[in-house]
Structures are given as structure tokens and as C-alpha cells.
Amino acid sequence: MNTIACVSGVELLMDYLEGVLPADLHAALEGHVAGCPKCAAFVSSYRNAPRILREATAATLPAGLEASLKAFLRARTTAFRSP
Amino acid sequence: MAAPTAEPSDETLAARAAAGDDSAFEAIVERFQARVYRLACRLTSDTDAPDVLQETFLQVYRHLPSFRGESRFGTWLYRIASNAALMRRRASARRPAEPLEVFLPRFDAQGQHVTTPAELQVASRADELLDRQVLAAKARDGLARLPDLYREAFVLRDLEELSTAEVAHALGVEPATVRQRVHRARLMLRGYLSDLVGVKP
Numbered sequence: 009m010n011t012i013a014c015v016s017g018v019e020l021l022m023d024y025l026e027g028v029l030p031a032d033l034h035a036a037l038e039g040h041v042a043g044c045p046k047c048a049a050f051v052s053s054y055r056n057a058p059r060i061l062r063e064a065t066a067a068t069l070p071a072g073l074e075a076s077l078k079a080f081l082r083a084r085t086t087a088f089r090s091p
Numbered sequence: 531m532a533a534p535t536a537e538p539s540d541e542t543l544a545a546r547a548a549a550g551d552d553s554a555f556e557a558i559v560e561r562f563q564a565r566v567y568r569l570a571c572r573l574t575s576d577t578d579a580p581d582v583l584q585e586t587f588l589q590v591y592r593h594l595p596s597f598r599g600e601s602r603f604g605t606w607l608y609r610i611a612s613n614a615a616l617m618r619r620r621a622s623a624r625r626p627a628e629p630l631e632v633f634l635p636r637f638d639a640q641g642q643h644v645t646t647p648a649e650l651q652v653a654s655r656a657d658e659l660l661d662r663q664v665l666a667a668k669a670r671d672g673l674a675r676l677p678d679l680y681r682e683a684f685v686l687r688d689l690e691e692l693s694t695a696e697v698a699h700a701l702g703v704e705p706a707t708v709r710q711r712v713h714r715a716r717l718m719l720r721g722y723l724s725d726l727v728g729v730k731p
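Same order as they appear, the protein sequences are chains A and B. If you count by our numbering, then the first sequence holds residues 9 to 91, one letter each, in order. If you count by our numbering, then the second sequence holds residues 531 to 731, one letter each, in order.
Mixed in with the good hints there might be a few duds.
[Unchecked claim] Listed below are the simulated EDC-like cross-link pairs for lysine to aspartate or glutamate, each with C-alpha atoms no more than 16 Å apart in a straight line: (1) A:K46 with A:E19; (2) A:K78 with B:D581; (3) A:K78 with B:E585; (4) A:K46 with B:E649; (5) B:K668 with A:E63; (6) A:K78 with B:D552; (7) A:K78 with B:E556; (8) A:K46 with B:D638; (9) A:K78 with B:E649; (10) B:K668 with B:D576; (11) B:K668 with B:D638.
[What the hints assert, rightly or not] In silico contact screen, one side only, chain B against chain A (beta carbon under 8 Å); selected entries: (12) D552; (13) V559; (14) R572; (15) Q584; (16) Y591; (17) E631; (18) V632; (19) F633; (20) E649; (21) D671; (22) L673.
Just so you know, these hints were derived from the structure itself, not from any lab. Each residue gets a CB set at the ideal place from its N, CA and C atoms; glycine is no exception.
All chains should be modelled from the sequences, with the hints used to inform the complete structure.
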């Protein structure tokens, strides 16, 4: 029998996924999620959020910026001096 | 023609640069500039990222002699970049209007979910590309509205994919603190994005 409520399960979710929960709590949470469709959906969306954010914010360095970074460092350090 | 040689490790380059080898510093810049720019965009904005990029490598140049190899070089560099981003955010002093707390999950008196939590899914079909642009804008907005401490931890852990131990080292806090901050950020962002990226009952 698990005695974990959804709210406690959500509180413990990060530690659960990182594998740092005590074994009994880990098992209790696993049992709750297996029997609670709302929590199963929650875990899924909780795990998806980082990936979605990662893909949506993966900026690439503009070519012009690379040149201006070198010029900036050439002016303030002894690097990027040789042709 | 030179024989192919293995790329020197980050730490080898750092040691050479610390000893005054400018070509090693230049190689560090080449190796990390794209990552630092991406990080800077995530921690500040497209507008502020170029300044953060410059400031980060200037600080790296100045402080390299004090790099003691207590962490991986990349972790040390991320710490400098995170600090530069924080300084930049404070300087620009743009504060988001509404925090993300309202997007935290809700529970009833028995501790059960009040509503069925939305599934987060990203559209993959070509006709949904516009949604992806909307999503990118909303993702940037969501990151910007996180409290500074949560954003830092979340970006390093979940977006730059450092380990929890590395983030703890980069931010100078305990791993348990990192987990707590990342968790809160995930909860807020999950709720914030759920109306946009597809709700499945």
C-alpha cells in the first residue's frame, strides 16, 4: 500500500528522478505514480519541460559576433594579435 | 604537412594559457565561444548576450592564472559566465511584470491534483513550424520570468546539461540546493508552457 498523496509526490519528484531518495520513499513514490494516472501524466510533462526548453532556446553564435569578440579581446588582451 | 595530433584537453589549454601562451587562450575562445553565447542568451537575452560573451572571456583571460583545477575547466568557465550574466541582468534592470508562481501545480485539501496535469509535447510537423517560433518566444519569456537563482540553476542543469554536482560547484551551493531550485523552475516552466504546447486530457 502506498500512502503518498500527489502533492508529496510532486515535492519529491526531483530527488526521485536524481535517485537520491531513501529506498522506502522511492518505492512509495513509484507505487503511487503507478496507480495514479494524474501523477503519471505529471511526471511525463515534468520530464518533458527541460527538453522542450532546451530545444526552443538553442541559440547559435552569429558569425559577426565571433569577429567582434576577437576584436574586443585584441584591444584588451595580448591575444589575437598575430595575423 | 603536420601529422594529425589529438586535441589538447581543456585543462591542458588552460594551463598553457595561464602560463602566458596566447595561442592557447585563443584556442579556448574558439572552443567555448558558441557554448558561452548560447548560455548567455538563456541567462539574459539576445540583446545582452554579446556583452556577456565579451565580458566572460575577458574575465577568463584575467583570472586564468588563479584556475587551480579544483573543478573541470568548463565548470569554472561556466561560473564566470553565469556571474557575468547576473551582472548584466542587474545592470539592465529590466524586471518581468509577473512572476511564474501562478503556474505551480495545484492540489486539493487531500493533496490530490486539482486538474489533470497537461502533457507537454512539441509539434513536429512542418505545418506547425509557426508554433515552434511562438514556442521559442514563450520559452525565452518563461526563462526571463524565473527568479534569478532558479534560472541560473535550471539553465546550467537542464539546458546546458551539467551534472548536479557541477552546477553546485559552479554556483557555490550544495547539491541539495541545486535540486530544490531546479525543481521549482521545472514546476513553473511546465505550468507556464502547458497551454501552448498541446494539452492532452
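Now the hints, each set against the structure:
Distance check on the hinted pair: K46 of chain A and E19 of chain A sit about 15 Å apart at the alpha-carbon level, within 16 Å; holds. Under the criterion of a C-alpha separation no larger than 16 Å, the hint pairing K78 of chain A with D581 of chain B is consistent with the structure, at around 13 Å. Between K78 of chain A and E585 of chain B the alpha-carbon distance is near 12 Å, which keeps this suggested pair within the 16 Å criterion. For the given pair, K46 of chain A sits about 10 Å from E649 of chain B by alpha-carbon distance, which is consistent with the 16 Å threshold.
Straight-line distance between C-alpha atoms of K668 of chain B and E63 of chain A comes to about 12 Å, which keeps the hinted pair within the 16 Å bound. About 12 Å separates the Cα atoms of K78 of chain A and D552 of chain B, which keeps this hinted pair within 16 Å; it holds. As the CA atoms of K78 of chain A and E556 of chain B are separated by approximately 9 Å, the hinted pair is consistent with the 16 Å bound. Annotation: proposed proximity of K46 of chain A to D638 of chain B holds, straight-line Cα distance about 13 Å (limit 16 Å).
The suggested pairing of K78 of chain A with E649 of chain B is violated, with an alpha-carbon distance near 44 Å, which exceeds 16 Å. Our distance criterion of 16 Å between C-alpha atoms is met by K668 of chain B and D576 of chain B, whose separation comes to about 14 Å. The suggested pairing of K668 of chain B with D638 of chain B is violated, with an alpha-carbon distance near 29 Å, which exceeds 16 Å. For D552 of chain B, the interface hint holds, the least distance from its beta-carbon to any beta-carbon of chain A being 4 Å, beneath 8 Å.
Given the 8 Å rule on beta carbons, the hint for V559 of chain B holds: about 7 Å separates it from the nearest Cβ of chain A. Interface restraint check: R572 of chain B against chain A, minimum CB-CB distance 5 Å, threshold 8 Å, status holds. Among the interface hints, the one on Q584 of chain B holds; its C-beta lies about 5 Å from the nearest C-beta in chain A, closer than the 8 Å criterion. Here the hint on Y591 of chain B is kept, as its CB sits about 5 Å from the closest CB of chain A, short of 8 Å.
Given the 8 Å rule on beta carbons, the hint for E631 of chain B is violated: about 15 Å separates it from the nearest Cβ of chain A. For the restraint placing V632 of chain B at the interface with chain A, the shortest Cβ-Cβ distance is roughly 16 Å, beyond the 8 Å limit, so the hint is violated. A distance limit of 8 Å between C-beta atoms decides the matter here; for F633 of chain B the minimum to chain A is near 11 Å, and the interface restraint is violated. The criterion of a C-beta within 8 Å of any C-beta in chain A is met by E649 of chain B, whose closest approach is roughly 5 Å, and the hint holds.
A hinted interface residue such as D671 of chain B counts as satisfied when its beta carbon comes closer than 8 Å to some beta carbon of chain A; here the least separation is about 11 Å, so the hint is violated. The criterion of a C-beta within 8 Å of any C-beta in chain A is met by L673 of chain B, whose closest approach is roughly 7 Å, and the hint holds.
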